[in-house]
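Chains as they are written, first to last, in my numbering: chain A, 1 to 147; chain B, 1 to 225.
In short, the hints are calculated from the structure, not lab data.
Just to be clear, a hint being listed does not mean it is correct.
Stated by the list, open to error - When the alpha-carbon atoms are kept at most 16 Å apart in a straight line, the in silico EDC-like pairs for lysine to aspartate or glutamate are as follows: (1) Lys22/B <-> Asp67/B; (2) Lys59/A <-> Glu103/B; (3) Lys10/B <-> Glu35/B; (4) Lys66/A <-> Glu79/A; (5) Lys59/A <-> Asp101/B; (6) Lys59/A <-> Asp110/B; (7) Lys66/A <-> Glu53/A; (8) Lys10/B <-> Asp32/B; (9) Lys10/B <-> Glu34/B.
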Amino acid sequence: MSNHQYVVIVGCGQTGSRLANRLSVMGHSVVVIDQRRDAFAALGAEFSGFCLEGDGTDKACLDQAKISQADLVVAVTREDTVNMMVAQVTRHLWHIPRVVARVFHPALAAFCRKLGLETICPADTAADAVLRLAGLDGGPAGVGDGR
Amino acid sequence: MNILITGGGKPLQFLCRRFLAKSCRVTIVDQDPEECGRLSRQLRATVVLGDGTNPLILDEAGVREADVVLAATPHDADNLIICQLATRCFSVPHVVAVVNDPENETTFRDLGVNAFSATRVIAGLIEQRTAFQEITNLIPLGEGRVIVTELRLRDDMPAVYRSLSELDLPPDVLVACLVREGRAMIPRGGTELLPGDQVMVISLPENHGPALRAITGERNEWDRA
Numbered sequence: 001m002s003n004h005q006y007v008v009i010v011g012c013g014q015t016g017s018r019l020a021n022r023l024s025v026m027g028h029s030v031v032v033i034d035q036r037r038d039a040f041a042a043l044g045a046e047f048s049g050f051c052l053e054g055d056g057t058d059k060a061c062l063d064q065a066k067i068s069q070a071d072l073v074v075a076v077t078r079e080d081t082v083n084m085m086v087a088q089v090t091r092h093l094w095h096i097p098r099v100v101a102r103v104f105h106p107a108l109a110a111f112c113r114k115l116g117l118e119t120i121c122p123a124d125t126a127a128d129a130v131l132r133l134a135g136l137d138g139g140p141a142g143v144g145d146g147r
Numbered sequence: 001m002n003i004l005i006t007g008g009g010k011p012l013q014f015l016c017r018r019f020l021a022k023s024c025r026v027t028i029v030d031q032d033p034e035e036c037g038r039l040s041r042q043l044r045a046t047v048v049l050g051d052g053t054n055p056l057i058l059d060e061a062g063v064r065e066a067d068v069v070l071a072a073t074p075h076d077a078d079n080l081i082i083c084q085l086a087t088r089c090f091s092v093p094h095v096v097a098v099v100n101d102p103e104n105e106t107t108f109r110d111l112g113v114n115a116f117s118a119t120r121v122i123a124g125l126i127e128q129r130t131a132f133q134e135i136t137n138l139i140p141l142g143e144g145r146v147i148v149t150e151l152r153l154r155d156d157m158p159a160v161y162r163s164l165s166e167l168d169l170p171p172d173v174l175v176a177c178l179v180r181e182g183r184a185m186i187p188r189g190g191t192e193l194l195p196g197d198q199v200m201v202i203s204l205p206e207n208h209g210p211a212l213r214a215i216t217g218e219r220n221e222w223d224r225a
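All chains, please: the whole structure from these sequences, using the hints.
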C-alpha cells in the first residue's frame, strides 16, 4: 500500500486502534467507528483521522463514514458476527474492493472464508506463528477448529 | 415438521406454543441459562443452552434435521450469521430471520437471507386496521405483497346499492367474496352490494387505501399524515 488509501475501521479496540494509529502515521486517511465514545481514547496523539460514534452495521453510520469511497474496510469489533455482517454489507452491497473481517471463533472463521471474505482468525494466526517459529510450518490448516 | 429457533423471550414462547400445538418438534437454542430453564419448564420443547452462532452448537442442537430455522435473537448480526450457517453449512430448506432494526430487512434480503421485521409488520397492521373503521379483519399474504381485507358495509357508504361493475375501484383490486345474511357468495359484476354485507377485498398494498376509500368513502387518517 504505497499509494494513499481511504480506510474505514469498524471497532476501536486494541487491534482497531493500533491499526488506525499506524495507518495514520503512514499518511493514509482513516475513519474509525465505534459504539462507545470512550473507545477512541486508545487512539494516540499521532492519529490524525476521524472518529465516528455509531453502529458499523447501520447504513446511516456507514454513509456518514463516506464508506462508498473506501479502498479498504476492516471489521475488528469484539463481536464475530458483527464483523462478518459489516464485511458482507460493505463487500457485497457497497462493493468496497478490499474488506477484512476478524473472527475469533475458528469454526466461524472457516465459514467466513467460505462466504468469500478475507478473514483473520487470531487463533489460527497464532498457531501458524508458533509452528513457524518451531520450524514446523506447512502443517495442515484448519485442523484444530473442531470440525 | 422440525423447527429450530434461536433466541428467547415471551413472544417467542407464544410462538413455540403455536408450533407445538400443530405438532411440530421445536428446539430452542438460547445463551441465557435462566431463560433456558424457564423455557424447558414451560414448553414441551428441546432446549439447548449455547450460542446459536457457533456452528458446533447448532450441529449439536440437531440443525441438520431441521425443516425450518428461525433466527430471532436480539442481535441482528447474530441472526444473519445463524441464517447463513443454516442455509450454507447445514442445508436447511427454510430459513427466516426476525430482525430487530426494520432497516435490516432489506439488508438481509440483499444478502440472500429471508427476513422480516416484527416492528414493521405490527406498525403496518396498526396503520391498516385503524385507518378504516369498518375493517373487521385484515390478512397480509405473500409476505405482505397481497392484502385480504374483510369489512362490513354501512348504508351511508358510496358502494351500497351499486353493482360491482359500477364501483370506481382502482386496478389490482378484487371483491372476491361476500357474506349476506349468513350466506357466502362469489359476486359478479352485476351483483348489487347491500348494507350489512360482509365483503372480502383482495388488493395489492399500494391500492389498499384507494380501494377501501372507494368502497367506504372514509378517508385514511394515515394517508394525511
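Is the Cα-Cα distance between Lys59/A and Asp101/B 16 Å or less?
holds (11 Å)
For the pair supplied as a hint, Lys66/A and Glu53/A, is the alpha-carbon distance within the 16 Å limit?
holds (14 Å)
16 Å limit on alpha-carbon distance, applied to hinted pair Lys10/B and Glu35/B:
holds (10 Å)
Holds or violated: Lys10/B and Asp32/B, Cα atoms, limit 16 Å.
holds (14 Å)
Given the proposed pairing of Lys10/B with Glu34/B, does the C-alpha separation stay at or below 16 Å?
Given pair Lys10/B, Glu34/B holds - Cα atoms ~13 Å apart, limit 16 Å.
Within 16 Å, alpha carbon to alpha carbon, are Lys66/A and Glu79/A?
At roughly 23 Å apart (the allowed maximum being 16 Å), Glu79/A and Lys66/A break the hint.
Taken at face value, is the distance from the CA of Asp110/B to the CA of Lys59/A at most 16 Å?
holds (13 Å)
Take a quick look at whether Lys59/A and Glu103/B sit within 16 Å of each other, Cα to Cα.
Distance ~8 Å between Lys59/A and Glu103/B Cα, so the pair holds.
Hinted pair, alpha-carbon criterion (16 Å max): Lys22/B, Asp67/B. Please report holds or violated.
Since the Cα atoms of Lys22/B and Asp67/B sit roughly 14 Å apart, the hinted pair holds (cutoff 16 Å).
Of the numbered hints given earlier, the model fails hint 4 alone.
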